[in-house]
Amino acid sequence: MNALRVPSRGVLRAWGFAFAVLSVILPALPLGPVFAQPPLPLAVLWAAYGWAAEDESGWRAPITLAVLGLLHDQLAGGPYGLFVVLYLSAYLVGRIAAQAMSAPNLVSLWGGFIVTALITVGIAYLVAPLGLGRNVSVAPYAEAAIITAIMFPLVRPLYMSASASLRPGARR
Amino acid sequence: MARRRSGVRRAGAGRRIPPGVVLGIVLAIGAVILVAVQSNNRPATEAAQQAGDGAAGAAGQVATRPARASGDFFARLGGMWSATSRIEELENENRELQAWRELAERLAERNARYEALLRMPVDSFGEGADVENSIAAQLVLDSGGPFTRTLVANAGSDHGVRVGYIAVNENGLIGRVVSVGRRSARVLMLDDYNSRIPVMGEASRVRAVMAGQATRPPDLYTHPFQMQAPRLDFIVGAQSLREGERIVTSGDGGLYPRGIPVGVARSSGDGQWRVALAASQRPIDFVRILPFVGVERPEDAPVSDAGPPLASSSSVSAVGRETLPPPPTAPSAEAPRPRRVASQDAAATPTNSPAPAAPPAVTPPPAEAPAPSQAGTPQE
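Chains as they are written, first to last, in my numbering: chain A, 1 to 172; chain B, 1001 to 1380.
Just chain A, with the same shape it has in the complex (with noise of 0.2 angstroms):
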C-alpha cells in the first residue's frame, strides 16, 4: 500500500529539478537527434513557471534559473546570458501570472504557461540577434516552447499543484 502512495511535494518537486537539469545537460551529448532541442523540451521553463507560482519571494529560484541558464549557454555555445534571459523572463511573466489568477484549475494554468512560453519565443526573437547576429533563426527555438507547453499538463505536479493555498495572489 505504501507503494502506491502519492509522494510528496518534496520529492516531485526533486524530480522536476531533476528534469530541468537533464533537459539542459541531455542535448548537448552526442547522442542522437532524438536529444536534440526540439524534440526535447525545455523543462527548465517548466520550473521557471512552477517556481514562480510557488516560491513566493525567495531567491533561490531565480539564481538557480540564472545557473541553469549560464550552463545551457556554455554547453550551446551560444552567448552568455542568452538562455538566462529566456528563463528569467518566463519566471518574471510566470509570477505576473500566479497573481492574475485568482482560483486556478489546469485549463487556466496551461493557458498561462502558453502564454508565457509565446512571450519568451518574442524575447528570443529580440535578444538573439543582439549576441548572434541577425540572421539567427528563432525557429527552432519556437518549436521546442510549443513542445514544451503541449506537454506541460503531463508535468505539471512536478512543478506546481493547482491548488489556490500555495498560490501567492489567490483569493481564501
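Worth double-checking, as some hints may not be accurate.
Derived CB-CB ranges, DEER-like [claimed, not checked]:
#	chain 1	residue 1	chain 2	residue 2	range
1	A	Asn105	B	Gly1253	57 to 63 angstroms
2	B	Arg1016	A	Asn105	27 to 33 angstroms
3	A	Trp15	B	Ala1203	52 to 58 angstroms
4	A	Gly10	B	Val1293	55 to 61 angstroms
Think of the hints as simulated: they come from the structure by calculation, not from any bench. Ideal Cβ placement from N, Cα and C applies to all residues, glycine included.
For this one, chain A is given, so just place chain B on it according to the hints.
Chain B in isolation, oriented as in the chain A frame:
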C-alpha cells in the same frame, strides 16, 4: 508566511515587490547587457568560453562513455544474432565486388592515360591542407541547442589545433574550428546559419556558395527533426549543375582547402539547389582535424616593404613599382621548358580567345609560368 502573504496581497502605495522578483529583474537586465557585450567577441568572454568548453568536454566524455559502451554492446549482440546470414551476404557481395574491382582498375588506368594526355591537374583531397599531419579527435559535445550548430572535440592547443583548421570525418567535411581551448576545440558545423563555404560541382565545376541555415523543414512526417540541407547561393552556371552531382570545396577565398567532399546536390521544388551533407549520413563520432592556414590575417602578416606610401611620391613611379612585371631574363639552363610544350598547353586549353603568339626567342620567366594546379583547367 502570513507576513509574506500580506506583503504580496496588499494593494496601493504600500505594496512591495518581493525580493525574488527584484533579483530576477536585475539578473535579466544584466543578462541582456552580457549578451549585447559579447557581440564584439571580447577576449575575456572567449577565454571563459574556451575554459568552459574544456571542462564541459571532459565531463561530456565521461558522461557519454556508458552510452558508447552500451551502443557497442548492443551492436555486437545484434551482429551475433544474424552472423551466419550476414557472412553469406558479405561473401556474395564480395564476389560481385571482385568483378567491379577489375573493371574499376581498368577504367582508372584508362582515365589516368587520358588525364596525362590532356595534362589535367590532379584533383587531390584537401589541396593545400596538411593531410598527413591530421589530428584525430573524438566528439564529446554537440550544441544540440535551438540557436547554433557547433561541436566540441577533445583536442585543443595542446594537441596542435588552431583556429581555422578543418574538421572532417570518413564521409566528408564537417566544419571549421572557430575556438580552441587547451584540450578542446569548438567546430562550427556546415549547417549553422553563420557558415558560408565556397563550393563547386565536382564534374560540372559550377561554383557556388553553400549557406547554412540551422532551420528545419516543416515536413515533420517524412524528416522528423532533421536539419534542413544547406542551400546553394550565387550559383555560376546553375544550368550545368546536375541532380546528384558531388559537391566539393572549391578553395576560393582561402578559407577551406580545395577538393574536400561536402555532399550531393539536390534540387528542391522551388528551383533552389541544396546540398545533402555527406558528413550527416550517420552520427558523427570521431573527427579528423586537418591543419590548414589559408589566408593569414593582415595583423599576423605585416608588410616587410617599408617604402613610402603611395601618396607620398609620384603616382607613376609608385604604380609602376607595384604593377609592372619583372623584366624578361635571358633563357638559362635552369629553364628547360621548350616553347613547343607551352604552345601545346595553350592549344589544350579550350578558350574562346586565341592564344597570343609570343615571339619565339623569348622564354617566359619562371615566375610567370602558370601554376600546375591551374594550367589546363578549362573553367578557371
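So, going through the hints one by one against the coordinates:
no. : hint                                     : in the structure
1   : Asn105/A x Gly1253/B: 57 to 63 angstroms : holds, 60 angstroms
2   : Arg1016/B x Asn105/A: 27 to 33 angstroms : holds, 29 angstroms
3   : Trp15/A x Ala1203/B: 52 to 58 angstroms  : holds, 57 angstroms
4   : Gly10/A x Val1293/B: 55 to 61 angstroms  : holds, 57 angstroms
Checked against the numbered hints above, the structure breaks none of them.
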